[in-house]
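Residue-level listing of the chains:
Protein chains: 2
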Amino acid sequence: MDAANSTEPPMLPDGFRAHIANAGIKDSTDDFVVIAAERNCTASVMLTQSTFAGPSVTISRQSAANGKLQAIVVVSKNANVATGRRGLDDAMELRNGVALSVGCDPSDVLVASTGVIGVPYPMARLREQFSVIGDGLGEIDAVSVATAMMTTDTHPKVASATMETLSGGTASVVGVAKGVGMIEPDMATMLAFLFTDAEVDPDALDAAFRRAVERSFNSLSVDTDTSTSDTAAVLASGEAGPVDVTELEDVLHAVCLDLTRQLAADGEGAEKLIQVSVSGALDNAQAKRVAKSVINSPLVKTAVHGCDPNWGRIVMAIGKTPEPGIDQDTVMVSFSDMVVYPATDVVPLDRLREYLAGSVVEISIDLNIGEGSWTVYGCDLTDGYIRINADYTT
Amino acid sequence: MDAANSTEPPMLPDGFRAHIANAGIKDSTDDFVVIAAERNCTASVMLTQSTFAGPSVTISRQSAANGKLQAIVVVSKNANVATGRRGLDDAMELRNGVALSVGCDPSDVLVASTGVIGVPYPMARLREQFSVIGDGLGEIDAVSVATAMMTTDTHPKVASATMETLSGGTASVVGVAKGVGMIEPDMATMLAFLFTDAEVDPDALDAAFRRAVERSFNSLSVDTDTSTSDTAAVLASGEAGPVDVTELEDVLHAVCLDLTRQLAADGEGAEKLIQVSVSGALDNAQAKRVAKSVINSPLVKTAVHGCDPNWGRIVMAIGKTPEPGIDQDTVMVSFSDMVVYPATDVVPLDRLREYLAGSVVEISIDLNIGEGSWTVYGCDLTDGYIRINADYTT
Numbered sequence: 194m195d196a197a198n199s200t201e202p203p204m205l206p207d208g209f210r211a212h213i214a215n216a217g218i219k220d221s222t223d224d225f226v227v228i229a230a231e232r233n234c235t236a237s238v239m240l241t242q243s244t245f246a247g248p249s250v251t252i253s254r255q256s257a258a259n260g261k262l263q264a265i266v267v268v269s270k271n272a273n274v275a276t277g278r279r280g281l282d283d284a285m286e287l288r289n290g291v292a293l294s295v296g297c298d299p300s301d302v303l304v305a306s307t308g309v310i311g312v313p314y315p316m317a318r319l320r321e322q323f324s325v326i327g328d329g330l331g332e333i334d335a336v337s338v339a340t341a342m343m344t345t346d347t348h349p350k351v352a353s354a355t356m357e358t359l360s361g362g363t364a365s366v367v368g369v370a371k372g373v374g375m376i377e378p379d380m381a382t383m384l385a386f387l388f389t390d391a392e393v394d395p396d397a398l399d400a401a402f403r404r405a406v407e408r409s410f411n412s413l414s415v416d417t418d419t420s421t422s423d424t425a426a427v428l429a430s431g432e433a434g435p436v437d438v439t440e441l442e443d444v445l446h447a448v449c450l451d452l453t454r455q456l457a458a459d460g461e462g463a464e465k466l467i468q469v470s471v472s473g474a475l476d477n478a479q480a481k482r483v484a485k486s487v488i489n490s491p492l493v494k495t496a497v498h499g500c501d502p503n504w505g506r507i508v509m510a511i512g513k514t515p516e517p518g519i520d521q522d523t524v525m526v527s528f529s530d531m532v533v534y535p536a537t538d539v540v541p542l543d544r545l546r547e548y549l550a551g552s553v554v555e556i557s558i559d560l561n562i563g564e565g566s567w568t569v570y571g572c573d574l575t576d577g578y579i580r581i582n583a584d585y586t587t
Numbered sequence: 194m195d196a197a198n199s200t201e202p203p204m205l206p207d208g209f210r211a212h213i214a215n216a217g218i219k220d221s222t223d224d225f226v227v228i229a230a231e232r233n234c235t236a237s238v239m240l241t242q243s244t245f246a247g248p249s250v251t252i253s254r255q256s257a258a259n260g261k262l263q264a265i266v267v268v269s270k271n272a273n274v275a276t277g278r279r280g281l282d283d284a285m286e287l288r289n290g291v292a293l294s295v296g297c298d299p300s301d302v303l304v305a306s307t308g309v310i311g312v313p314y315p316m317a318r319l320r321e322q323f324s325v326i327g328d329g330l331g332e333i334d335a336v337s338v339a340t341a342m343m344t345t346d347t348h349p350k351v352a353s354a355t356m357e358t359l360s361g362g363t364a365s366v367v368g369v370a371k372g373v374g375m376i377e378p379d380m381a382t383m384l385a386f387l388f389t390d391a392e393v394d395p396d397a398l399d400a401a402f403r404r405a406v407e408r409s410f411n412s413l414s415v416d417t418d419t420s421t422s423d424t425a426a427v428l429a430s431g432e433a434g435p436v437d438v439t440e441l442e443d444v445l446h447a448v449c450l451d452l453t454r455q456l457a458a459d460g461e462g463a464e465k466l467i468q469v470s471v472s473g474a475l476d477n478a479q480a481k482r483v484a485k486s487v488i489n490s491p492l493v494k495t496a497v498h499g500c501d502p503n504w505g506r507i508v509m510a511i512g513k514t515p516e517p518g519i520d521q522d523t524v525m526v527s528f529s530d531m532v533v534y535p536a537t538d539v540v541p542l543d544r545l546r547e548y549l550a551g552s553v554v555e556i557s558i559d560l561n562i563g564e565g566s567w568t569v570y571g572c573d574l575t576d577g578y579i580r581i582n583a584d585y586t587t
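First to last, the protein sequences are chains A and B.
Read left to right, the first sequence gives residues 194 to 587 (my numbering).
Read left to right, the second sequence gives residues 194 to 587 (my numbering).
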């Protein structure tokens, strides 16, 4: 696999076009995106497990059931959640309008929507878009797509990679994502879409994507709050021809992980990306639970924010998980490669503070009781988080 | 039962005396307390479930096993946690030194310690105390005791109530507590001690205290972080004679709940007490899980801080729990008695903002699927929390 390292923003892969517009949801920034494939794509979708999921999620669950999709419509700055019967009717009308404009079956449209909860769509303005989508579809770079999906994101999140096809050609995977708060994805993150021109069997794509999401978006937590709108999807147009499935999974994982790290670093008010790796656990699931306890601890998050190597808070966060087998005499805790617990070789405080002042902080925990391991991604907790969320308008 | 409403701080009940001192743990404020009963007391103790519990907890678990205690020693501003073999030796010496000074068996001493993690006790200074405890013990008011237990608390927490004994006399229950951060008690809160001169059977006291703690301290969350040092204990000297056990449980619960609300309102950086009551759940356990999800949501906590009636975040926090049976069409959410979801009768925004500007905010949720109910206590998330915890010295 090759990560794209050109300074040009990547274009959507062969077979995908997009329409971007301002539909006047909240202000004059772009807030309406349709990405359409020339033909029906192999697809895999993961959606929020929230019991307060909105109609976008309900409809998308139906559309994704057969492993086929042709278009995605994204409305930003309004989640259309907790809007009752009217919200469901609006979402159906949106799906049908987009299907007609794109020229596909309504059941091949994925609907995604994030933003304020409890406010109905301005349907008159959305209807105006239906007549212009068809002419608007063009070859568009991924940064423009990611930008139009943003709510309070400070910058667009895009990642891409290429791989060789079985016939010696090149296939690409391009991903876009958005989301800064209400992020502890349960089955998928806020919104993340991957597009590829690789040709792949539906079941193989689904299995590969689920594993990639589990080790990336599902290992991300900004604030422990799981969104009502989480959606992650991959669409494969097949234009580039067949690829090796194992290599495709590696490429999907690399793109998902790149987006995950971008999402963590741009968490609401975040100034640092925090990565917590747990090894030596009884199994991977235990490693993930312990890692999540540390990445979600407000006391750990504020200590990192204050460049304070307060490892006491890390052992507290390990200790509060009701996990079997953990023995405080075998646990080892490090910042990067500097062991702070057990405190046998004392690392100079200055060196630790200097490390914590960087933009990426890696915390490693070895439980020394088994072979399980997991890494999770998050961010520090800052005054900025409080300001953004105490002032955000309903 | 009668809540004490005198302006005089309550004295410890008959049969209890205390010694308070500055042992120079961190600064010149009081940081060393011994509370001793004249004779062996019936006692019930609940301790943290953390796997990183310190030697104070290990020793206290042994002392409490037989339902008898005579003395409590509290060291504040140093938790003596993650201090290895030396920490255990130090805690044993502290226990033995206090037992000798008070004139009781070492196995009847409860040891409690909170503050910085990973730093050994200054044992030379603690040893100086051993020789003066005996003469220092006197009749002391509960506010002085609670003050000497404080770390970053902004004020001491004391609560008391009286009840009639079976012979027509009066028994009192006096409680002291401390704790502002690292608070989501699993079996007990940071430190809370109740003293009573009521006479009560050990098993009856234990059962009554466990139920009282479950509905009070164990329903409190400041920041989701469970301390390594949580301890709640009740000591009954018996001086006042036998009481009705059911009435005693009510009194214990009232004192625990009063202290719980004081702890929540004084959470680190807190400006408001938040109370979340869930009713209509399948059972009490489900009601508690849903209530905890709401009280712990940083998005709900910041919305309350910003006086923003953003009920969308409340339904998000209900939705993210993987609870069976919850149907968004039957859920009802209110601020005090103002129903905000479903949004049928729209409450004026001004009225909601005015309510949220108060110092106590009550959120009520009716799931309408059963008879279970639970109330939990917490606080808003503010810039003050970030400042306190990003700047707190290791």
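The reader is advised that the hints may include incorrect statements.
[Stated by the list, open to error] Computed from the model, here is a short list of chain B residues facing chain A with C-beta under 7 Å:
| hint | residue |
| --- | --- |
| 1 | A400 |
| 2 | D418 |
| 3 | T421 |
| 4 | E464 |
| 5 | P491 |
| 6 | L492 |
| 7 | H498 |
| 8 | D576 |
| 9 | N582 |
Keep in mind the hints are simulated off the structure, nothing from the lab.
Idealized CB from N, CA, C, for every residue including glycine.
Hints versus structure:
A distance limit of 7 Å between C-beta atoms decides the matter here; for A400 of chain B the minimum to chain A is near 23 Å, and the interface restraint is violated. Below 7 Å, beta-carbon pairs count as interface contacts, and D418 of chain B has one with chain A at about 5 Å; its hint therefore holds. Annotation: interface hint on T421 of chain B holds; nearest CB of chain A at approximately 5 Å, less than 7 Å. Annotation: interface hint on E464 of chain B violated; nearest CB of chain A at approximately 11 Å, more than 7 Å.
Given hint, P491 of chain B at the interface with chain A, holds; its Cβ is 5 Å from that chain's nearest Cβ, closer than 7 Å. The closest approach between the C-beta of L492 of chain B and any C-beta of chain A is roughly 5 Å, which is under the 7 Å cut-off, so the hint is satisfied. With its C-beta approaching chain A no nearer than about 5 Å, H498 of chain B sits inside the 7 Å limit, and its interface hint holds. With its C-beta approaching chain A no nearer than about 5 Å, D576 of chain B sits inside the 7 Å limit, and its interface hint holds.
Annotation: interface hint on N582 of chain B holds; nearest CB of chain A at approximately 4 Å, less than 7 Å.
Hint compliance for this structure: hints 1, 4 are broken, all remaining hints hold.
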